[in-house]
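Student: Given next are the chains, with one letter for each unit.
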Amino acid sequence: MTTHTDVLVLGGGSTGCGIARDLAMRGLEVTLVERGNLTEGTTGRMHGLLHSGGRYAVSDQASARECIEENEILREIAGHCVEATGGLFVQRPEDSDDYFQEKLEGCRECGIPARVLSGREAREIEPYLADDVKRAIEVPDAAVDPFRLCVANAIDAETHGARIETHAEVIDLLRDGDDIHGVEVRHESGPGKRTHTVAGTTEEITADYVVNATGAWAGQIGNMADLEIEVRPSKGVMTIMNVRQVDTVINRCRPKGDADIIVPHETTAILGTTDEEVDDPDDYPEEQWEVDQMIDTLSELVPILSEARTIRSFWGVRPLYEPPGTGTTDPTDITREFFLLDHAERDGVSGMSTIVGGKLTTYRAMAEEIADHVCDKLGVRASCATADEPLPGSETIETLEAGMDDFGLRSPVARRSKQRLGSRASEVLDTDAANPVVCQCEGVTRAEIQDAITQSGTDLNAVRIRTRASMGNCQGGFCCQNMANELHPEYDEETVRAALDELFQERWKGERHALWGEQLSQAMLNYALHATTMNRDRDPASESGDLEYAAFDSGRQTPQRRADGGN
Amino acid sequence: MAIEDDVLVLGGGLAGTTAALAAADQDVQVRLVTHKQSTLRHASGLIDVLGYTPAGDGPLVDPFDALSDLPDGHPYERVGVEAVREALSFFDDVAGEAYAGAHTGANALVPTHGGTVKPTARYPASTAAGLASDDRDTLLVGFETLPDFEAPLAAAHLEAAGVPFTARGVTLSFPGIVRDDAKVTRYAHLLDQNESVSTGAGETGAREALAAAVEAHVEDESRVGFPAILGDEHAAEVRADLADALGVDVFEVPMGPPSLPGLRLEDLLYDALEDAGVRVTSGVPVVEYETGTDGDRIDHVVVDRTGSKLPHRADQYVLATGGLVGKGVRSERERVYEPLFDCHVPHAADRYDWFVDDVFGDQPYARFGLRVDRELRPLTADDEPEFSNLRAAGAVLSGYDFAAEKSGGGVSLATGYVAGTRAGEEGGE
Ligand SMILES: Cc1cc2nc3c(=O)[nH]c(=O)nc-3n(C[C@H](O)[C@H](O)[C@H](O)COP(=O)(O)OP(=O)(O)OC[C@H]3O[C@@H](n4cnc5c(N)ncnc54)[C@H](O)[C@@H]3O)c2cc1C
Ligand SMILES: Cc1cc2nc3c(=O)[nH]c(=O)nc-3n(C[C@H](O)[C@H](O)[C@H](O)COP(=O)(O)OP(=O)(O)OC[C@H]3O[C@@H](n4cnc5c(N)ncnc54)[C@H](O)[C@@H]3O)c2cc1C
Numbered sequence: 001m002t003t004h005t006d007v008l009v010l011g012g013g014s015t016g017c018g019i020a021r022d023l024a025m026r027g028l029e030v031t032l033v034e035r036g037n038l039t040e041g042t043t044g045r046m047h048g049l050l051h052s053g054g055r056y057a058v059s060d061q062a063s064a065r066e067c068i069e070e071n072e073i074l075r076e077i078a079g080h081c082v083e084a085t086g087g088l089f090v091q092r093p094e095d096s097d098d099y100f101q102e103k104l105e106g107c108r109e110c111g112i113p114a115r116v117l118s119g120r121e122a123r124e125i126e127p128y129l130a131d132d133v134k135r136a137i138e139v140p141d142a143a144v145d146p147f148r149l150c151v152a153n154a155i156d157a158e159t160h161g162a163r164i165e166t167h168a169e170v171i172d173l174l175r176d177g178d179d180i181h182g183v184e185v186r187h188e189s190g191p192g193k194r195t196h197t198v199a200g201t202t203e204e205i206t207a208d209y210v211v212n213a214t215g216a217w218a219g220q221i222g223n224m225a226d227l228e229i230e231v232r233p234s235k236g237v238m239t240i241m242n243v244r245q246v247d248t249v250i251n252r253c254r255p256k257g258d259a260d261i262i263v264p265h266e267t268t269a270i271l272g273t274t275d276e277e278v279d280d281p282d283d284y285p286e287e288q289w290e291v292d293q294m295i296d297t298l299s300e301l302v303p304i305l306s307e308a309r310t311i312r313s314f315w316g317v318r319p320l321y322e323p324p325g326t327g328t329t330d331p332t333d334i335t336r337e338f339f340l341l342d343h344a345e346r347d348g349v350s351g352m353s354t355i356v357g358g359k360l361t362t363y364r365a366m367a368e369e370i371a372d373h374v375c376d377k378l379g380v381r382a383s384c385a386t387a388d389e390p391l392p393g394s395e396t397i398e399t400l401e402a403g404m405d406d407f408g409l410r411s412p413v414a415r416r417s418k419q420r421l422g423s424r425a426s427e428v429l430d431t432d433a434a435n436p437v438v439c440q441c442e443g444v445t446r447a448e449i450q451d452a453i454t455q456s457g458t459d460l461n462a463v464r465i466r467t468r469a470s471m472g473n474c475q476g477g478f479c480c481q482n483m484a485n486e487l488h489p490e491y492d493e494e495t496v497r498a499a500l501d502e503l504f505q506e507r508w509k510g511e512r513h514a515l516w517g518e519q520l521s522q523a524m525l526n527y528a529l530h531a532t533t534m535n536r537d538r539d540p541a542s543e544s545g546d547l548e549y550a551a552f553d554s555g556r557q558t559p560q561r562r563a564d565g566g567n
Numbered sequence: 001m002a003i004e005d006d007v008l009v010l011g012g013g014l015a016g017t018t019a020a021l022a023a024a025d026q027d028v029q030v031r032l033v034t035h036k037q038s039t040l041r042h043a044s045g046l047i048d049v050l051g052y053t054p055a056g057d058g059p060l061v062d063p064f065d066a067l068s069d070l071p072d073g074h075p076y077e078r079v080g081v082e083a084v085r086e087a088l089s090f091f092d093d094v095a096g097e098a099y100a101g102a103h104t105g106a107n108a109l110v111p112t113h114g115g116t117v118k119p120t121a122r123y124p125a126s127t128a129a130g131l132a133s134d135d136r137d138t139l140l141v142g143f144e145t146l147p148d149f150e151a152p153l154a155a156a157h158l159e160a161a162g163v164p165f166t167a168r169g170v171t172l173s174f175p176g177i178v179r180d181d182a183k184v185t186r187y188a189h190l191l192d193q194n195e196s197v198s199t200g201a202g203e204t205g206a207r208e209a210l211a212a213a214v215e216a217h218v219e220d221e222s223r224v225g226f227p228a229i230l231g232d233e234h235a236a237e238v239r240a241d242l243a244d245a246l247g248v249d250v251f252e253v254p255m256g257p258p259s260l261p262g263l264r265l266e267d268l269l270y271d272a273l274e275d276a277g278v279r280v281t282s283g284v285p286v287v288e289y290e291t292g293t294d295g296d297r298i299d300h301v302v303v304d305r306t307g308s309k310l311p312h313r314a315d316q317y318v319l320a321t322g323g324l325v326g327k328g329v330r331s332e333r334e335r336v337y338e339p340l341f342d343c344h345v346p347h348a349a350d351r352y353d354w355f356v357d358d359v360f361g362d363q364p365y366a367r368f369g370l371r372v373d374r375e376l377r378p379l380t381a382d383d384e385p386e387f388s389n390l391r392a393a394g395a396v397l398s399g400y401d402f403a404a405e406k407s408g409g410g411v412s413l414a415t416g417y418v419a420g421t422r423a424g425e426e427g428g429e
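Line order of the protein sequences matches chains H and P.
Our numbering numbers the first residue of the first sequence as 1 and each following residue consecutively.
Our numbering numbers the first residue of the second sequence as 1 and each following residue consecutively.
For reference, chain H alone in the conformation it holds in the complex:
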């Protein structure tokens, strides 16, 4: 099977989705292919800080300026993906005064609104800050939900005619002499939304231009056409706490370091992170000391963290790039800027460019630059509209508020559903059918799950990402089953079973790194619920061999003769 498109985008992270939206809005025909589900790569495994630029105000002012610009744009066009928490750069007694001053001046030079707070003022904002905190600089950091952001970009690209194909792995680049003209992908099920247990097919997709936005995997794609792309993947850990100890983003005000940021997200707070170069972005050690370091170091700023319950930890790999010959040894010194590699200029191979590096915060600017570049290559004259056109879901918050009671949901549930769905809320929630809560911890209702299934098929991990179902305190122990139930009757029993098994295993994967205290108790409860109550570990439906039911207790007691011989 072969199909053709104007532009083919490889990779469904924030960069790829942003590019697809931008090009589709400019009227080009776009296909995006992603080997997993959207956000499967680094985008779904990052800290969720919408940088104000403060972090880079001393070391990398170009990045800092770009951050504040994009920070302001995203608040406008993607309000429902951003929580304007504000941020603090906190100075402890042992942290340098000079650096504090440099940070403050740096912010001002880059146009980042910054205000100095005394220790007492900082603690008024964040009561759990340590008693001996000295001062803080307040900046407009924010929390961003990368899942919603990516999905909103993808939906909008689709609205503009793009084809978004998930579970479609690029297995080869089609290269003809010095020209790349497409790729071969392997579909995990058929093309379109995913269905478990359906056999895969391959497809050749040809294009006038290919954009490689596979982040930390860009080098692997390059290899398929003998192009060398020097991505230096660097891993970082994040640890999720079960409650939101802080309401603002907390940064440590010192030169650079690991474990120096806390970002509040929905009902949780996420601690991060580390920076360690790895060889293979798909296979790197996830180590205990990294988690310990998060808690130990960050409790210097917020002491109650040392006693608090963690839900899970996860790791991501940064797609850092360094131009050949730079030779930086410490990954924290590698620039956070992004690079557009035109392989025609660089390697004499036309038809493809690669984009690597950067940050989620600046995804839109990156997309704009590459879309300009593609248009230039294809001789298309169209200008970028992504900075002004709101993303789907972010307009008309008022209609959400007004429609609040219409949905027969209790307000916290309704509020959360609406935060997640943005202006699509009425479309999704306005149903005559029963709409019970499927995931209690996150308050996700059936209508939202069904809406996500329409888009993701049996890929319950994608449903999870779209809705946040199974991401709360119970880590899915209580609701994975309910989510899978929602696939029926559209999908048959065997398919539902496979989808549930995959989701449950995936939830366990992240939970393992937080397995002590309450979370270990929860893990035992989840295990018991699935293995003991439901016998899902030894389900006869999934085991080979016939079970001899007749040998077991049929429940019917033989009539008992009374002792006196009567009946």
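There's no promise every hint is true.
Which chain P residues face chain H? A few, computed with CB under 7 Å, are given here [as the list claims (entries may be wrong)]: (1) Asn107; (2) Asp134; (3) Asp137; (4) Glu144; (5) Thr145; (6) Leu153; (7) Ala156; (8) Ala160; (9) Gly162; (10) Asp180; (11) Val184; (12) Ala403.
Covered stretches of chain P (in silico footprint by chain H; criterion: 3 or more residues with CB under 8 Å from a CB of chain H, positions within the stretch not fixed) [as the list claims (entries may be wrong)]: (13) 50-63; (14) 341-352.
For the record, the hints were derived by calculation from the structure and aren't laboratory data.
Predicted, not measured: the structure shown is a model, and the values here were computed from it.
Backbone N, C-alpha and C fix where the C-beta goes; we use that ideal spot for every residue, glycine too.
Model the placement of chain P with the ligands on the given structure of chain H, informed by the hints.
Tutor: Below, chain P with the ligands alone, put in the same frame as chain H:
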């Protein structure tokens, strides 16, 4: 001055209540102190004895065939096979009509809300008509407002598991439930009280309305299964009324938390404690202990009642505070421990060795707990009893993975029974 009893049981789950009842049988004064709700709130209410061997063979038709081959240190091996039989018949006497399964040594296969089947030894009367090892055709009824149980899917799953009958499922709306997010206890209460509900046919009792909604869907089936929400205090009556109205047997499919069959079992056990004259102090934790002068015996324990510390003294103590779920076993980043007496809990030093990557693999954490001697006395790392007058029972023990073996209820009964009986014998001397 301390509050004095002969036997003090710490923890009021299945193991603790059984221990208290068994001790009371020895004509001694028994007290049970318990803190929060027990694991029965989460558990299905089934009493598994052994569904699979530790190597994973099964489902076992007769658990007793495998009981004598269990590895050293398994709680059943500690108490011996005979004690397991005695404990079961002790339970059968306590539970009476409320439980079934005693008529045979064979395990029953019970359908669960996931549509899977699982082996168990004793089951609530409400489940009795629903066994998957019974070959009658079955209609399962689910409700559109209860996302935990998708009846048509469960029916298809049962058929995939090869059950010897035809299973069908329908999804209905539950008469009288107006909120989409009503709790399961709300459904039970509606039926318990037979509240008046309005249907297309006017106002009727909730039971009648439910039967009327189901009736049209029954074809040739002689039994109909519902999620486990059919009443709480008057569950037997609710089932009987539905069965009469529908002219079929009615049963419940066990569900996840909060589990009404588990809560009903808890009520039954606490009623039995009252009848047996056991003093129950609930809602308070035991927080510390003192040893006597020799350091070898527990002299008294201290209960925290909203800040004030009350000493409780007894001759014999039974520790039945549960496992990781009941919080009788706890963990921190660096260690796993028993919080009350700091009894030895064997575990790997590196917490990454506490689990394996396959969620249903052989999980070390599932076995965390205390090692005991054949008297069920917790042992130190050097194999010495921690205290001469302390025994342990139930999920606080190590040496078994109840979830994989399907042995949780049985181990709690057997070890509770033995620990309670021995404590009663010694406490009465
Ligand atoms: C620990 C950590 C914390 C971070 N925190 C922040 C932060 O707080 N704020 C911020 O702004 N930025 C942060 N970042 C940076 C940010 O997450 C990334 O820069 C951004 O998400 C990269 O997006 P991307 O789309 O380029 O890459 P990705 O999201 O990795 O997308 C690439 C996609 O390509 C897919 N792919 C790979 N191979 C193939 C193939 N053969 N066929 C098809 N598809 C393929 C992958 O599955 C993946 O989905 C953080 C990064 C890390 C690692
Ligand atoms: C989800 C789930 C499903 C299950 N399903 C089944 C099943 O289908 N069949 C089966 O046979 N088994 C099942 N089990 C296993 C079975 O329920 C348990 O093994 C059994 O209930 C354990 O009983 P226990 O008395 O040892 O502990 P628990 O029930 O945990 O009771 C311990 C009690 O001690 C109290 N306590 C703890 N510390 C203190 C203190 N310091 N002071 C005072 N009180 C304290 C706790 O609050 C609690 O009330 C299941 C378990 C779970 C979690």
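Student: Hint compliance check: list the failing hint numbers for this structure, sorted ascending.
Tutor: Hint check: 3, 11 fail, others pass.
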